[in-house]
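Peer 1: Listed below are the residues making up each chain.
2 protein chains.
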Amino acid sequence: MSSNIKRALIGAPFPTSREKHERLDKTRALAVFASDPISSNAYATEAIMSVLIVLGSGALVLTLPIAIAVASLVLMVVFSYIQTILHYPDGGGAYTVAKDNLGKYPSLFAGSALLIDYILTVSVSASAGVRAVTSAFPGSAPYSVLIALTAVALITWINLRGVRESGTIFAVPTYAFVGGVLLVIIIGMARSLGLFGLAPLPVYHDAVPASETLVGFAFIWLLLRAFAGGCTALTGIEAISNGVKAFKAPEARNAALTMVVMGVIAMSLFLGISYLSTHMHLIPEESESILSQMTRDIAGRGLLYFWVQLFTALILFLAANTGYQDFPRLSSFLANDGYLPRWMQNRGDRLVYSSGILILAVISSSIIILFRANEIAMLPLYALGVMLSFTLSQAGMAHLMSKIGKLEPGETEFTGVTTIHYEKNWHLKRMLNILGATMTGIVFIILVATKFTEGAWIVAVAIPLVVFMFDRINKHYQSVAQTLSTRDLLEEDLMDVADVAVVPIADVHRGTLRALQYAKRIADDVRAVCVATSPDVHERIERRWARFPKLTAGIELVILDYDYRDILTPLENYIVSVNDEEFTNKLVTVVIPEFIPEGWSAGVLHNQTANFLRRRLRSKQNIIVIDVPYHILPVDELVANGRKVDVDAGPTADDGEQQKADSAAT
Amino acid sequence: MSSNIKRALIGAPFPTSREKHERLDKTRALAVFASDPISSNAYATEAIMSVLIVLGSGALVLTLPIAIAVASLVLMVVFSYIQTILHYPDGGGAYTVAKDNLGKYPSLFAGSALLIDYILTVSVSASAGVRAVTSAFPGSAPYSVLIALTAVALITWINLRGVRESGTIFAVPTYAFVGGVLLVIIIGMARSLGLFGLAPLPVYHDAVPASETLVGFAFIWLLLRAFAGGCTALTGIEAISNGVKAFKAPEARNAALTMVVMGVIAMSLFLGISYLSTHMHLIPEESESILSQMTRDIAGRGLLYFWVQLFTALILFLAANTGYQDFPRLSSFLANDGYLPRWMQNRGDRLVYSSGILILAVISSSIIILFRANEIAMLPLYALGVMLSFTLSQAGMAHLMSKIGKLEPGETEFTGVTTIHYEKNWHLKRMLNILGATMTGIVFIILVATKFTEGAWIVAVAIPLVVFMFDRINKHYQSVAQTLSTRDLLEEDLMDVADVAVVPIADVHRGTLRALQYAKRIADDVRAVCVATSPDVHERIERRWARFPKLTAGIELVILDYDYRDILTPLENYIVSVNDEEFTNKLVTVVIPEFIPEGWSAGVLHNQTANFLRRRLRSKQNIIVIDVPYHILPVDELVANGRKVDVDAGPTADDGEQQKADSAAT
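For the protein sequence lines, the chains are A and B, in the order given. Residue 63 is where the first sequence starts when you use our numbering, and the numbers rise one by one after that. Residue 63 is where the second sequence starts when you use our numbering, and the numbers rise one by one after that.
Same shape as in the complex, but just chain A (with noise of 0.2 Å):
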């Protein structure tokens, strides 16, 4: 029945051979992994702005300038990650870069910190598309959690269903809100050029002079923080990179076109919005974002700024399913190399890494709970991660770049994870990789001290322990591939099993009788062990015992008289003394006779010994436990199977004496 509504939910399973078709065409790749980068231009500009405004409206022209370096640091970002695309096209990001060459804590360490932003990427994404919605319809404010969490799960159930659908289902509104605010900073432009006849842009020009000025160190710290906010522009960037095996092939040489399309894209928007709103003297304001000042201002309260506002909701959606690729993606790497447990390298039904999308699910509404779907709250958390990531992918590059310059022209080499040979300007690619981890390093330093007290500690103290964790992890494989190694396996390894076959038993009945016979057929040392409560049952095991001369012949009747209720106990010391004290260093068999009840609900009204007594024997190293079941059939059935029942008369006296004596068996 599970199994139904599951297939209900998320359709019937797919063959392992079709995989290959469920991969992405680049138009879907760039809709699936450039939402998040480009969403972020919904506050990026703002988020410089909003420290430039400390010093008064007249330094906000200080924006341009510091837009231009946050495009530059994108720019160098996109150049360091297309040279990570084209060296690894088996995919893997920052975690396999970092692995390579840097080695296992510094891979690790990128591990963590991504998986951790990823989990951000979904409940800021969330919050804030749940913000631009209660924006609209202020009515649904109190239920901004709720409509977060139903969003989360919309957008786990399309990702349990595949990666194709949700490549159809989201192409369409990131280029609704690519289209929409391109055609808005081209109105601006045109209007700002005196183009086509329109009416030139309104300008504003009552602006604050700084109300102090700062000066040396204080100046310079304003600035940066300023630069680290217009960083939130660089989240996302790198999924591509991590993501290559998802593209259709070629699938370098597309992730690599669409990493250039999406960085062309998202810094277009950028620099457009900060350019304009510069030029048209915007100041940020709570009530309304600059985003929204200057699509109304550029194109009037119309059908344009509607589309703007709309999709700026949607795509924000459609950037925390970004972190639906990356994650699971991301988690099966690790788990692949044993950082993380084996069953999340398992592909599901619908060959998605069903486990790790459900964790995430899992965790980011988690995070969507506790802060109240409150995403300013969370941004303090966000984005430190990326930074962590881009600057040991970086560096990691930089020194792959020189074991390629030491290699000889024509010469190749494998390093484990991918195959380098000789490039000519090795020199310039490592000059940019070893400039963009330093910046990147920088902007991290910079985004845990001016976020340190806001959440930034959060974090910073996650990031190690999750490292932690992966090598607790990683112990623990180690431990199972030691204890299973075939290495200089011989045949006296494998443990003797002695000739010994115990069977506890309540009474003698069929179900038991039935265990025994078994258990004559693997031992000639075949003990029936049964645990006597009261002298009346030590009595009435051995009379019942005695009615079955031929089935029992040649088996050990053994009873232990125990004065107290607990019949586990004396079952248990009695098998483990036969493991030590009569059969040392050899495998000993207990047979189990179990009732397996017509219904779940049935076994409500047994008392589960044989599964107590298995689940205590399973910590014992030497003990090979049997279940030989009996199932219980309806009075029916039973007649219909040709068994001669009697159930009007009821069982008669001894048998009655056996029903109940049967509770303490079942």
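Among the clues, some could well be false.
Footprint (simulated), chain B over chain A, 3 or more residues, beta carbon under 8 Å [what the hints assert, rightly or not]:
(1) 100-112
(2) 405-412
(3) 583-595
(4) 620-633
Keep in mind the hints are simulated off the structure, nothing from the lab. Backbone N, C-alpha and C fix where the C-beta goes; we use that ideal spot for every residue, glycine too.
Given the coordinates of chain A, work out where chain B should sit on it, guided by the hints.
Peer 2: The following block gives chain B in isolation, referenced to the frame of chain A:
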């Protein structure tokens, strides 16, 4: 660890042989069993008066006659139950008497009615006791649900520790309440009769005449309702007859004596309170109970007043405890007869029916939460069950007396439960029983009729539903008994074991090789079955299999190629086909190699394929499952055991590949 917590909470287990010592002497038994009927005096008189007041305070003179009628009924019931105790010295009360004399369904209705009433005894008494506490400390009123639940938890704990302690702890408040109220009544009587030179009692003479005069049916209906209200004094009377076995020997005599003492005390208090409150012309008020008014007028607001108020609260908690004596005991009777889960007849570590105690605690706590600890709202559900069981019990006794009358003097007969012999005055006894059954039957009908819409319908629906549940449970146990019956058992009835062992494996490693070795011990036809989800896996398994020619000699390797990831389905299908097609009607053995991780937390890191497979195979009739465990040890322990491990170098390429593949198996 959990067993240490258990021991700290409820104490060390008692040996079964200590059982006799845990019985109650008469003093303790009275405290345990009589608190319920005696505590009724806190509200029984008032229950009569609050009906009569409808006619004006002048009608309150009818209180004493009605109280005398109730007291007669109580005496009749007490007499009937003494007969029951003497004729059924092994105990059992209404359920046993109805079973022995009226047959299955009357006894099940009696059992169902009593179980429900016992649950309500706990909920009502705990809530009423809390009401007494919150009346004394009005600030605690908002926490009444919490206090009631704490009280129930405390009573549960005391009962789980064992019956002797509960008798000791509970003796003091019962006797303190009885002594206090008796003293108040004696002083009141002395003052009313002008003895010892005490001041005469205040008498209020502002009787209000009836606002309307009821005639005929309406008047009788009102009298019946007042009488029914007073019948709350009868709840709990049957407890002793149900618990004869809890008494010290001679059980029946001690129980009968205790019954008489209890009846005398309860009725002395009831008639005393009724007489004095009628004599003083007290009028029921919402803010102060009749008992409180009477005590205050007779003894003043001094030590005696607060003594009575305090112990009123405490005896109500003791009344709740009565449910903890009765419910588990009656449950164990019903379980013993196969109408409740068999494990309810098992005694726990401290020789009490722990499971019954815990079930009672959960259900009565739920009712307290549901009714927000408001006992007034629960009262319409209460006392119905007791009246139905009285009726059935006395009808049964009347039937028994008829049987006794048919015997010749000197002749004896065994009814199936008890031995009877001719008694001279059987006619008289039978008349009394018939009268009692009729009276309590009428009271039952009055209770249902007058309280139906106030909640009595819930119980009227619940009683037959519980009987239906008894019936279903009994059908299951009949199936069990018939399936396991050894009657007409022939050796050839037990199924043959097929000479085959199917070993599902995910890879070739120490764990699976051990399982294969074991399989070779028990069957000649051993088949290692592996699901290959890709050609890579197929090829790898064949290669690794070939590495162990000696260990795998004579074992067939079956590789099932499968294009989905759900490997359980092809494994299950293969095993079923072996059973259905190759070895029809024989037992087929499946040997499952199973990882046992080093701790519970490590279990999360494996995907439990072995567990899931075992669970699926449980539903198959002819499949026997063998778990061959393989314990994962921490690497340092392996070294200590002399195994060659190579942690720093990591697994070899081949072992690394194997390590990854293990994920599918574990």
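Peer 1: To test your reading of the hints: which numbers does this structure violate?
Peer 2: 1
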